[in-house]
Amino acid sequence: MWDYTEKVKEHFYNPRNTGPLEGANATGDVGSISCGDALRLMLKVDPVTEIIQDAHFQTFGCGSAIASSSALTEMVKGKTLDEAKQISNQDIADFLDGLPPEKMHCSVMGREALHAAIANYRGEEWSDDHEEGALVCKCFAVDSQMIEDTIRANNLSTVEEVTNYTKAGGGCSTCHEPIEEILTKVMAERGETFVPAGAKKAKPAVAEAAPAKLGTLARIRKIEEVIAAVRPTLLADRGDIELVDIEGKNILVNLTGACSGCQMEAATLAGIQTKMIEALGEFVRVVPAAKAQAHACASHAHGG
Amino acid sequence: MSTPTPIYLDNNATTACDPKVVEAMLPYFTEQFGNASSMHSFGNKVGVALKAARTKVQKLLGAEFDSEIVFTSCGTESDSTAILSALKAQPDRKEIITTVVEHPAVLSLCEQLEKEGYTIHRLKVDNKGRLNLDDYAKVLSDKVAVVSVMWANNETGTYFPVVEMAEMANAAGVLFHTDAVQAVGKIDINLAATKIDMLSVSGHKLHAPKGIGVLYVRRAVRFRPLLRGGHQERGRRAGTENAPSIIGLGVAAELAMEAMEHERTHVKALRDKLEAGILAVVPHAFVTGNPDNRLPNTANIAFEYIEGEAILMLLNKQGIAASSGSACTSGSLEPSHVMRAMGIPYTAAHGTVRFSLSRYTTEEEIERVIAAVPPIVAQLRKLSPYWGENGPVADPEKAFDPAYA
Numbered sequence: 001m002w003d004y005t006e007k008v009k010e011h012f013y014n015p016r017n018t019g020p021l022e023g024a025n026a027t028g029d030v031g032s033i034s035c036g037d038a039l040r041l042m043l044k045v046d047p048v049t050e051i052i053q054d055a056h057f058q059t060f061g062c063g064s065a066i067a068s069s070s071a072l073t074e075m076v077k078g079k080t081l082d083e084a085k086q087i088s089n090q091d092i093a094d095f096l097d098g099l100p101p102e103k104m105h106c107s108v109m110g111r112e113a114l115h116a117a118i119a120n121y122r123g124e125e126w127s128d129d130h131e132e133g134a135l136v137c138k139c140f141a142v143d144s145q146m147i148e149d150t151i152r153a154n155n156l157s158t159v160e161e162v163t164n165y166t167k168a169g170g171g172c173s174t175c176h177e178p179i180e181e182i183l184t185k186v187m188a189e190r191g192e193t194f195v196p197a198g199a200k201k202a203k204p205a206v207a208e209a210a211p212a213k214l215g216t217l218a219r220i221r222k223i224e225e226v227i228a229a230v231r232p233t234l235l236a237d238r239g240d241i242e243l244v245d246i247e248g249k250n251i252l253v254n255l256t257g258a259c260s261g262c263q264m265e266a267a268t269l270a271g272i273q274t275k276m277i278e279a280l281g282e283f284v285r286v287v288p289a290a291k292a293q294a295h296a297c298a299s300h301a302h303g304g
Numbered sequence: 001m002s003t004p005t006p007i008y009l010d011n012n013a014t015t016a017c018d019p020k021v022v023e024a025m026l027p028y029f030t031e032q033f034g035n036a037s038s039m040h041s042f043g044n045k046v047g048v049a050l051k052a053a054r055t056k057v058q059k060l061l062g063a064e065f066d067s068e069i070v071f072t073s074c075g076t077e078s079d080s081t082a083i084l085s086a087l088k089a090q091p092d093r094k095e096i097i098t099t100v101v102e103h104p105a106v107l108s109l110c111e112q113l114e115k116e117g118y119t120i121h122r123l124k125v126d127n128k129g130r131l132n133l134d135d136y137a138k139v140l141s142d143k144v145a146v147v148s149v150m151w152a153n154n155e156t157g158t159y160f161p162v163v164e165m166a167e168m169a170n171a172a173g174v175l176f177h178t179d180a181v182q183a184v185g186k187i188d189i190n191l192a193a194t195k196i197d198m199l200s201v202s203g204h205k206l207h208a209p210k211g212i213g214v215l216y217v218r219r220a221v222r223f224r225p226l227l228r229g230g231h232q233e234r235g236r237r238a239g240t241e242n243a244p245s246i247i248g249l250g251v252a253a254e255l256a257m258e259a260m261e262h263e264r265t266h267v268k269a270l271r272d273k274l275e276a277g278i279l280a281v282v283p284h285a286f287v288t289g290n291p292d293n294r295l296p297n298t299a300n301i302a303f304e305y306i307e308g309e310a311i312l313m314l315l316n317k318q319g320i321a322a323s324s325g326s327a328c329t330s331g332s333l334e335p336s337h338v339m340r341a342m343g344i345p346y347t348a349a350h351g352t353v354r355f356s357l358s359r360y361t362t363e364e365e366i367e368r369v370i371a372a373v374p375p376i377v378a379q380l381r382k383l384s385p386y387w388g389e390n391g392p393v394a395d396p397e398k399a400f401d402p403a404y405a
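One line per chain: the protein sequences are A and B, in this order.
Going by the working numbering, the final residue of the first sequence carries number 304, and the count climbs one at a time with no gaps.
Going by the working numbering, the final residue of the second sequence carries number 405, and the count climbs one at a time with no gaps.
Treat the hints loosely; a few may be bogus.
Computed list of lysine-lysine pairs in DSS-like fashion (alpha-carbon distance at most 25 Å, straight line) [said to hold, decoys possible]:
id, chain 1, residue 1, chain 2, residue 2
1, B, K59, A, K7
2, B, K128, B, K317
3, A, K7, A, K79
4, B, K317, A, K9
5, A, K44, B, K382
6, A, K9, B, K382
7, B, K20, A, K7
8, B, K20, A, K185
9, A, K77, B, K382
10, B, K88, B, K128
11, B, K210, B, K195
The set of hints was computed from the structure by calculation and includes no laboratory data.
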């Protein structure tokens, strides 16, 4: 069974604002029965202030789809349409203290229903901007469609590039086989053959270069380079990372913004650590500075 | 509110290990730890116990010889071993016949083999999950290495006519394998009287522990092992025997034979009562598969216009354990391949719930489930955009036609 948070369960067992809404003047229908998720969001908007006075939902879907819908109706009430439009799917997930990666699409559906309802109110045409595929990367919740589109748009040809562009495969790395399969398929479309990294990496030069130990300054520079390289991906998710200190094998960092306390924090750090190890040619640990300090305090207390 | 006593109706997923099985196994973790291959009394005692267990499994399957029983680690290993052995033993045959509703243990392997250049014939089923044997006869040829068809479907319980299909394969000179993990222990099987060449068993589906399986290989069937190494299992499955689990499976086989009559009468009556009780009260619900020809313990009911995972969560809240063919329970986007293969519409396929009983299921439990289900269905339908005041909205797919498909 899914590892749902207490808040998800609470909103599923006791959903708020259910059923048709009397006097609704904005409706957003999204989802599809074939995907097993469908949501109708109904809003009552004050025509003068554009403040959402009431919100109701009807959902065909699993526990997290119903919980996400319920959360959404609570979140939008009292907001103006423009304010409501700022709500991201991550906000919906955060409101529920997080969703399993396989279930993040439930929060996406919530955001889409909201946008569809706002478009409906304003007499605009709303069209879905993404198609969903099967979930490939469970660490970062990336689906096959996203990977396929990104490979196509950017002419990617390695798993590493896919990870850099989409984060897929950057965590536990167990999804590299399906990513290779997608690469094989998309590259075949453009008349190329996918060559797995293992076949390419047979260069002995890399193995020889690694043991040469870096000087302290060169080492710090390398560490900074890796941090700089991962920042854009984190910024894209409204997070950030800063280097705090280097204590021997421990590289202390601060994850801030959306990354801080995010359920993916451990996976993110593990991904950065892998990159660090590759760049430095030695084993290092990437640890959150706050945690390292807490450990230090605890050991001091024991010492005293 | 106190937590209700749990009711376990998910026995097609796995079963509780019978206490008698556990009891029989325990000494083989402690004083009887020997390796059956060793030349001392520690090993010898284990060897004798393994032989006894093999005989019990032989009886359950109605096999002619005990040497036809090969212990493996699970049903999946047995399936892989059988199919890959047939391919290796007959390198000139590049085709496999199977069905669209097999377990992933067979389907995923076949998908991979297809990528490697083999031709896979996947027999289709009708709306009750039945095969068309004319279709089957058409693809049987001397190019086919093996036919792999399940005895009973894990989701609906529907039987395939494997005995008849094995006869047809035999007449065409083709090996026949059946994944019988759901059937073994629930129905009488007499392999000696059939033309089935290979058959897979999974221990944990019949109250033995997880991590033990069997592949039956008929005498003189050409065989190539999956694991090579020591001489265990007469060289057909190398690796030190999982002695405690094999001994546990032996006891489980014996208990299953004793309970077979109970399974056929009492368990079946409880299952029928459950189905009738729910369908009498819940509108827009129906049994999937073939109600006239299926396992005695399995009920698969589709509840239209609601989603299975949500049903399971509300059942679970009342201590009732079942499973669903909805996409959401597996993390995939498509509902169960079995439901889709039978042409069950999406509006129902996502709302299928499987109740699978065991010899431990009681009448009182069934009554509690019959009482619990209708309010849960009503509660979820009230939330559904496909459901109106007293029934589905007129023309549901049109009345609620969301922006993306």
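Hint consistency between K88/B and K128/B [alpha-carbon to alpha-carbon, up to 25 Å]: violated (35 Å)
Agreement of K44/A and K382/B with the hint, judged by alpha carbon distance not exceeding 25 Å: Holds. K44/A to K382/B sits at ~21 Å (cutoff 25 Å).
Restraint status (C-alpha distance of K210/B to K195/B at most 25 Å): violated (29 Å)
Pair hint K317/B and K9/A, alpha-carbon separation not exceeding 25 Å: holds (10 Å)
K20/B paired with K185/A [C-alpha distance capped at 25 Å]: violated (53 Å)
Given pair status - K317/B, K128/B, alpha carbons within 25 Å: violated (32 Å)
Proposed proximity, K7/A with K59/B (alpha carbon, max 25 Å): violated (52 Å)
25 Å limit on alpha-carbon distance, applied to hinted pair K7/A and K79/A: holds (22 Å)
Hinted pair K9/A and K382/B, Cα distance within 25 Å: Holds - the C-alpha atoms of K382/B and K9/A are around 18 Å apart, at most 25 Å.
Restraint check for K77/A with K382/B, where alpha carbons must lie at most 25 Å apart: With a Cα-Cα distance of about 22 Å, the restraint between K77/A and K382/B holds, given a limit of 25 Å.
K20/B paired with K7/A [C-alpha distance capped at 25 Å]: violated (42 Å)
Hints 1, 2, 7, 8, 10, 11 from the list above are not met by this structure, while the remaining hints are.
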